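What follows is each chain in one-letter form.
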Amino acid sequence: MSKYFTNIYDTVSTLWTGMRITWRHMMNIKRDNVTLQYPEERWPRPERNIGFEHADYNVIRSRLHVDIDDCIGCLKCERACPVDCIKINTIKAPNRGEDIPEIKHTGVTSNDTRKAMVVSRFTIDMSECCYCNLCTYPCPEECIFMVGGPNNEKHNIDYEFSEFDRNDLIYQFAKSITSEQKDTLKNPIPEVEA
Amino acid sequence: MGVLENRFKDNVVVASLDKLLGWARSTSPWYFQFGLACCAIEMMASAASRHDLERIGMMPRSSPRQADVMIVAGTVTMKMALRVKKLYEQMADPKYVISMGSCATSGGPYWQHGYHVLKGVDLVVPVDVYIPGCPPRPESLIEGLLKLQEKIQTERPLTRKSA
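Residue numbers (this note's numbering), protein chains in the order written: chain E, 191 to 384; chain S, 780 to 942.
Keep in mind the hints are simulated off the structure, nothing from the lab. Source: prediction; values computed, not measured. Careful, some of the hints might be misleading.
[Stated by the list, open to error] A partial selection of chain S residues facing chain E, derived with a Cβ cut-off under 10 Å:
| # | residue |
| --- | --- |
| 1 | Arg-829 |
| 2 | Gln-845 |
| 3 | Ala-871 |
| 4 | Lys-874 |
| 5 | Ile-877 |
| 6 | Gly-880 |
| 7 | Ser-881 |
| 8 | Gln-891 |
| 9 | His-895 |
| 10 | Tyr-909 |
All C-beta atoms in this analysis are idealised placements derived from N, C-alpha and C, irrespective of residue type, glycine included.
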């Protein structure tokens, strides 16, 4: 007989304990709700840099971007890349530091370096990239960087860039040069002496 | 393909049925729990309560026969590629594949010297959405899944394709 009433007491008391917790969470739904409604809201950008002392450098693992007008074709990022996903071809410029308007080549970078090379191909395969940021450190012109972070004024952070086609993940940064223009760059027409 | 696929000419009834089917398929793509490497951690994180995947109607299934979407999360080794193919064939139509991360898309860091890694899972199964990242953040995965939902919604499964 006592077991019968003990069972009733256990039922009511455990139900009360459980429902009290449920009620408390329901009342504090703002505080206890952890879900991020992703397409509307997203994580804030981290403010500190992790691991490196340079405040200018970005540690956010997002898409790489190249300001091709500042690139001098020194191939330092290509050599630094541990997975070889950066591929650069260069042609020697006929006159160092001079603009070539036919292929939209600018002779001088924004750091006043005179360019000796014309970059004819600059591709980054973002599907092979491991987002290690190692290519940004050796760049003497600071023209390759991960978007977002300290470059936030220039480019918003961008880590969502999924594609339906795998070839769309290969990013082309160099300006398009036809093969005839390449040939004229390689064999410049000699000036006829009077 | 199923019994009804590509059987009918385009008309008013079939067009609205197509839309209904697309809506129904796109709002509940159950995915196959299929973690191969470190990307699986991010897939688990996006299924957890912070980035709740059940908000967009996705829940993990442990059997390929109950799943609609296969998220290939991680490095596909040569030994695993046979299993990936077999599991894909066991899924019921309509089935979709998401290649998550660098390794599944193109071999990733192993694309050059990895003697044991398949150079892209699209060599064995047809891939719908490629998600870059190493590993991708949960936000990237959710963005890819939303893109896949849009793709499913624009499909016209009943209408016969004109040649």
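**OP:** Classify the hint on S:His-895 as holds or violated, based on whether any CB of chain E lies nearer than 10 Å to its CB.
**Re:** violated (16 Å)
Subject >> chain E contact restraint for S:Arg-829 - C-beta distance below 10 Å >> reply: It holds, given that the least Cβ distance between S:Arg-829 and chain E is near 6 Å, below 10 Å.
Subject >> Evaluation of the interface hint that places S:Gln-845 against chain E, nearest CB under 10 Å >> reply: violated (25 Å)
**OP:** Using 10 Å as the Cβ threshold, decide whether S:Ala-871 counts as touching chain E.
**Re:** Given a least distance of 23 Å, the restraint on S:Ala-871 is violated.
Subject >> Restraint satisfaction for S:Lys-874 [CB to CB of chain E, less than 10 Å] >> reply: violated (16 Å)
Subject >> Satisfaction of the S:Gly-880 interface hint, Cβ to chain E closer than 10 Å >> reply: Holds: closest Cβ of chain E sits about 9 Å from S:Gly-880, inside 10 Å.
Subject >> Interface hint status, S:Ser-881 versus chain E (Cβ within 10 Å) >> reply: Where the cut-off is 10 Å and the nearest Cβ of chain E is about 6 Å from S:Ser-881, the hint holds.
Original post:
When the nearest CB of chain E is found for S:Tyr-909, is that gap smaller than 10 Å?
Top reply: holds (5 Å)
Original post:
Per the CB criterion, is S:Gln-891 less than 10 Å away from chain E?
Top reply: Check passed: Cβ of S:Gln-891 comes within 6 Å of chain E, closer than 10 Å.
**OP:** Under 10 Å, Cβ to Cβ, is where S:Ile-877 needs to be relative to chain E, so tell me if that hint holds or is violated.
**Re:** holds (9 Å)
The structure fails hints 2, 3, 4, 9 (numbered hints given earlier, in ascending order).
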